[in-house]
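Visitor: Take a look at the letters that make up each chain.
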Amino acid sequence: MFNKHCRKLNRHKAGRRPSASLCQKHGSICRKTASLLILSLVLLLVGCDNQGKTDAANGSVIFCLDEDGESLEKEPLSLTATTTIVQIDEILDTFQNQVPTDPHQKLLPDSLSVISRSLEDQLLSINFSKEYLQMSTPREVLVRCGIVRTLVQLDGVQKVSFFVDGEPLTDSRDRKIGFMTAETFIENSGREINNYRSATISLFYASEDGNRLRRESRLIYYPSSQPFEWAIVERIINGPKVQGNYPSVPANTQIISASTSEGICYINLGAQFASEMPGVNPRVSIYSIVNTLIEDLGVDSVQISIAGENDVLYCGAIPLNQPFTADMSLVEN
Amino acid sequence: MRSLWFRILIILVIIGAVPAYLATAVLVRSYRDRAVSVREMSVKNQCVMLCDLLSSERYLEKIDSVAVNSQLALLSKIYNGRIFIVDSDFRVIKDTYDLDTGKTSVSKDVVNCFTTGKGSSTYDGRNAYIILTFPIEDSETREVTGVMLAAVSTNEVEQNAQLLETRGRIVIILVTVLVVVLGFLLSRFLVRPFHRVTKAIEDVTDGYEDEAVSVPDYIETVQITTAFNQMLTRVRSVDNSRQDFVSNVSHELKTPLTSMKVLADSINAMEDVPVELYREFMQDITHEIDRENRIIADLTSMVHLDRKAAKLDIERTEIGGLLEVIIKRLRPIAQKRDIQLILDNPEEVYAEVDGGKLSLAFSNLIENAVKYNVDHGWVRTALTADTKFFYVTVTDCGLGIPLDQQEHIFERFYRGDKSHSTTIEGTGLGLAIARSAISLHRGAIRVASKENEGTTFQVRIPLTVEV
Numbered sequence: 002m003f004n005k006h007c008r009k010l011n012r013h014k015a016g017r018r019p020s021a022s023l024c025q026k027h028g029s030i031c032r033k034t035a036s037l038l039i040l041s042l043v044l045l046l047v048g049c050d051n052q053g054k055t056d057a058a059n060g061s062v063i064f065c066l067d068e069d070g071e072s073l074e075k076e077p078l079s080l081t082a083t084t085t086i087v088q089i090d091e092i093l094d095t096f097q098n099q100v101p102t103d104p105h106q107k108l109l110p111d112s113l114s115v116i117s118r119s120l121e122d123q124l125l126s127i128n129f130s131k132e133y134l135q136m137s138t139p140r141e142v143l144v145r146c147g148i149v150r151t152l153v154q155l156d157g158v159q160k161v162s163f164f165v166d167g168e169p170l171t172d173s174r175d176r177k178i179g180f181m182t183a184e185t186f187i188e189n190s191g192r193e194i195n196n197y198r199s200a201t202i203s204l205f206y207a208s209e210d211g212n213r214l215r216r217e218s219r220l221i222y223y224p225s226s227q228p229f230e231w232a233i234v235e236r237i238i239n240g241p242k243v244q245g246n247y248p249s250v251p252a253n254t255q256i257i258s259a260s261t262s263e264g265i266c267y268i269n270l271g272a273q274f275a276s277e278m279p280g281v282n283p284r285v286s287i288y289s290i291v292n293t294l295i296e297d298l299g300v301d302s303v304q305i306s307i308a309g310e311n312d313v314l315y316c317g318a319i320p321l322n323q324p325f326t327a328d329m330s331l332v333e334n
Numbered sequence: 115m116r117s118l119w120f121r122i123l124i125i126l127v128i129i130g131a132v133p134a135y136l137a138t139a140v141l142v143r144s145y146r147d148r149a150v151s152v153r154e155m156s157v158k159n160q161c162v163m164l165c166d167l168l169s170s171e172r173y174l175e176k177i178d179s180v181a182v183n184s185q186l187a188l189l190s191k192i193y194n195g196r197i198f199i200v201d202s203d204f205r206v207i208k209d210t211y212d213l214d215t216g217k218t219s220v221s222k223d224v225v226n227c228f229t230t231g232k233g234s235s236t237y238d239g240r241n242a243y244i245i246l247t248f249p250i251e252d253s254e255t256r257e258v259t260g261v262m263l264a265a266v267s268t269n270e271v272e273q274n275a276q277l278l279e280t281r282g283r284i285v286i287i288l289v290t291v292l293v294v295v296l297g298f299l300l301s302r303f304l305v306r307p308f309h310r311v312t313k314a315i316e317d318v319t320d321g322y323e324d325e326a327v328s329v330p331d332y333i334e335t336v337q338i339t340t341a342f343n344q345m346l347t348r349v350r351s352v353d354n355s356r357q358d359f360v361s362n363v364s365h366e367l368k369t370p371l372t373s374m375k376v377l378a379d380s381i382n383a384m385e386d387v388p389v390e391l392y393r394e395f396m397q398d399i400t401h402e403i404d405r406e407n408r409i410i411a412d413l414t415s416m417v418h419l420d421r422k423a424a425k426l427d428i429e430r431t432e433i434g435g436l437l438e439v440i441i442k443r444l445r446p447i448a449q450k451r452d453i454q455l456i457l458d459n460p461e462e463v464y465a466e467v468d469g470g471k472l473s474l475a476f477s478n479l480i481e482n483a484v485k486y487n488v489d490h491g492w493v494r495t496a497l498t499a500d501t502k503f504f505y506v507t508v509t510d511c512g513l514g515i516p517l518d519q520q521e522h523i524f525e526r527f528y529r530g531d532k533s534h535s536t537t538i539e540g541t542g543l544g545l546a547i548a549r550s551a552i553s554l555h556r557g558a559i560r561v562a563s564k565e566n567e568g569t570t571f572q573v574r575i576p577l578t579v580e581v
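Those protein sequences? They're chains A and B, same order as listed.
For this note's numbering, count along the first sequence from 1 and bump the result up by 1.
For this note's numbering, count along the second sequence from 1 and bump the result up by 114.
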């Protein structure tokens with residue numbers, strides 16, 4: 002219980018003293034046990050308090066440059082502030098006055114400074130001085146990645162966008178960079194090559210009128226850490242690649258879990274799935290997932306749930322409390 | 115284990131197994147290196163051509179070129195790899211895995227390629243991949259406008275290498291087993307002649323065989339058997355000479371006893387024998403007893419000197435003094451026949467010797483010189499020395515020794531011309547004793563003589579007896 006507290010950066014001082022009124026009325030043995038319990042709880046708290054700080058230090062990192070200036074290196078970061086906005090300032094300050102351990106180098110060029118910053122709805126905007134534009138592209142990309150990755154570690158920060166001298170940051174083609182998260186950047190291109198699997202699968206999408214299913218065949222790659230079911234459903238959500246096919250489920254649908262057991266595939270989707278897909282028959286939406294999984298996995302049936310619940314009616318029409326078997330009658334030829 | 119055959123076996127196993135192991139290791143290593151480099155080379159070639167195509171098709175601006183896309187898909191498939199195309203904003207405009215398109219690459223390899231304008235290649239053997247980067251240059255300005263990163267798996271190579279290694283291991287095991295078996299048989303076979311030598315020697319020791327041992331298989335066994343045979347011959351001759359010695363001794367000891375018996379029997383057999391005759395016979399018997407005693411005394415000295423472990427009682431002695439003592443003792447005997455004893459030592463000679471034994475030797479020499487001399491003759495004893503040795507020369511003007519007898523005089527119990535044996539006293543051991551004593555000192559004795567003119571014995575002894 003106390004660990005959960007410790008993991009949150011801006012709540013690590015939440016530890017309350019437990020009540021010492023345990024077993025006061027009972028005998029001395031009870032008192033001894035009580036005091037032992039209290040002692041261990043206090044120790045745990047104190048340790049947890051420190052844990053909180055060290056967790057913040059261990060879990061949080063700040064980025065700097067490696068000795069060649071060609072990639073990012075991590076260094077431990079410990080914050081003293083508790084509110085998000087102060088923490089952001091602390092981090093930005095650390096960046097500007099960074100003194101990393103040898104042979105690492107400071108990430109930001111000395112000439113660069115932060116003019117202002119604003120946080121709204123977990124979206125952070127940072128305004129840099131015009132020296133930002135003087136950085137070479139490789140340096141700029143590394144600086145951007147390092148700052149964004151450091152800041153999104155904070156609970157109160159979801160996305161970050163950059164401004165230079167009040168103007169939104171653009172690339173060489175004058176396209177706005179926009180809001181960035183950790184996923185905006187990829188670091189180890191290619192080194193994980195042996196950790197991917199590939200498969201040729203069939204995917205069912207909606208037809209133009211939304212009443213039939215259309216089959217698409219695709220060669221996909223997915224990380225070996227990701228379950229096959231997940232990779233398949235993800236592609237259904239991301240939509241078709243072939244002209245004339247249309248997405249069957251909302252593009253922002255989250256996958257909560259996907260697994261198979263004894264011939265039944267269990268798919269738990271987020272609440273976004275509950276809303277009807279415009280222009281698509283609800284049966285088509287359901288069976289685009291069901292037919293795809295049954296054909297690619299060879300399972301007998303698929304059990305769909307929304308946010309863990311299956312005692313619901315999908316779009317008010319289709320009950321989810323029973324697993325679905327394939328319905329190939331919907332497939333267009 | 116100190117056994118020869120075991121050592122031969124171990125050596126054979128090592129000679130057999132080690133090269134097999136080394137060969138496998140070297141082969142697998144070379145295969146791996148070669149296979150990786152071949153793969154790298156062919157991917158590189160394909161990618162370089164593709165880069166040219168990319169820049170000519172202006173792929174970095176619009177990624178819809180069918181030619182490029184199909185080439186990319188093909189390359190990716192053939193080499194079991196993944197290709198990224200990154201533009202000058204570091205955005206991934208193409209990922210053949212279709213997973214990271216649109217993201218911004220901060221890969222060190224990509225950054226390095228943009229910064230240096232040169233491609234690179236990295237091989238990670240442990241994780242089985244090769245990463246290659248290629249700059250995409252604008253066909254006119256030669257500016258780097260993008261980077262192609264190809265990641266190729268070398269799992270196949272690793273698997274093949276593993277297979278080779280496994281096969282190699284099997285070969286090593288087979289070879290080792292084979293070598294052990296062959297080695298076992300071979301080493302036993304090679305060592306067999308030595309067992310034969312042992313058996314042959316044992317047979318001789320046990321007494322079953324009396325002939326020389328012969329195992330002609332190896333030079334080494336021939337050497338051993340030859341040495342053994344020589345030793346055998348020497349032992350036999352020693353044995354023989356001992357047998358001779360014993361028979362000689364018993365003969366010599368019996369002779370006085372026989373004489374005594376004869377004398378005693380004859381006097382007992384006679385009747386009415388006058389006292390003078392008894393007295394005469396008793397004197398003769400006493401004489402024979404004395405003779406027997408002398409023989410026994412000489413034999414005892416002989417045995418003492420003969421013992422190989424005869425210990426020398428080394429002391430720094432003045433040889434002249436030693437000789438003087440001997441001459442003084444013998445003077446009365448010499449005076450009986452008016453023989454002159456002369457000692458010739460111009461200076462003092464000190465040497466490390468066993469005085470007792472040498473006295474015995476010189477005493478015998480000088481005594482012989484007196485015994486085998488003519489009346490009114492002389493015996494001269496001369497003592498000289500140089501830096502290494504001292505020399506004692508005993509010369510007499512006596513009967514001399516015939517040439518044909520000179521080589522035998524040092525033999526035990528040899529008495530010279532038998533016609534003299536009855537008139538001149540002696541046991542025949544004197545010179546043998548002298549020679550023993552002298553050779554214990556690592557000295558030498560030589561004789562020169564002319565019949566009826568005289569004899570000279572020359573003795574040479576080292577001043578210091580080296581231990």
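The hints are simulated quantities; they were obtained by calculation from the structure and are not laboratory data.
Among the clues, some could well be false.
Stated by the list, open to error - List of simulated lysine-lysine pairs, DSS-like, C-alpha gap at most 30 Å:
1. K564(B) - K450(B)
2. K242(A) - K191(B)
3. K375(B) - K485(B)
4. K75(A) - K217(B)
5. K242(A) - K217(B)
Unchecked claim - Which stretches of chain A does chain B cover? Using the computed rule of at least three CB atoms under 8 Å from a CB of chain B, they are:
6. 163-175
7. 185-195
8. 260-273
Stated by the list, open to error - Label-pair distances were calculated between CB atoms; the ranges are:
9. K75(A) - G216(B): 21 to 27 Å
10. A82(A) - A187(B): 39 to 45 Å
11. K242(A) - V140(B): 22 to 28 Å
Since this is a predicted model, take the numbers as computed values, not measurements.
Idealized CB from N, CA, C, for every residue including glycine.
Visitor: Evaluate the given range 22 to 28 Å for the C-beta pair formed by K242(A) and V140(B).
Guide: violated, 50 Å
Visitor: Can you let me know if the beta-carbon spacing of A82(A) and A187(B) is within 39 to 45 Å?
Guide: Cβ of A82(A) to Cβ of A187(B): about 51 Å, so the range 39 to 45 Å is violated.
Visitor: Has the segment 260-273 of chain A got at least three residues whose CB is nearer than 8 Å to a CB belonging to chain B?
Guide: Three-residue rule not met by the segment 260-273 of chain A, so violated; n is 0.
Visitor: Would you say the segment 163-175 of chain A counts as covered by chain B, given the rule of at least 3 residues with C-beta under 8 Å?
Guide: holds (count 3)
Visitor: Range hint 21 to 27 Å: satisfied by the CB atoms of K75(A) and G216(B)?
Guide: Given about 25 Å between the Cβ atoms, the range holds.
Visitor: Would the pair K75(A) and K217(B) pass a check requiring their Cα atoms to be no farther apart than 30 Å?
Guide: Judged against 30 Å, a Cα distance of about 21 Å means the pair holds.
Visitor: Next pair to validate is K564(B) with K450(B); report whether the Cα-Cα distance is within 30 Å.
Guide: holds, 25 Å
Visitor: Holds or violated: K242(A) and K191(B), Cα atoms, limit 30 Å.
Guide: Answer holds: K242(A) to K191(B) is near 20 Å, not above 30 Å.
Visitor: Quickly compare the C-alpha distance for K375(B) and K485(B) to 30 Å and report which way the hint goes.
Guide: The hint holds at about 28 Å.
Visitor: Do at least three Cβ atoms from the segment 185-195 of chain A come closer than 8 Å to Cβ atoms of chain B?
Guide: As far as the segment 185-195 of chain A goes, the hint holds, because 10 residues have Cβ atoms under 8 Å from chain B.
Visitor: Between K242(A) and K217(B), is the straight-line Cα distance small enough, at 30 Å or below?
Guide: Satisfied, since the Cα-Cα distance of roughly 19 Å is no more than 30 Å.
Consistency note: the structure conflicts with the earlier hints numbered 8, 10 and 11.
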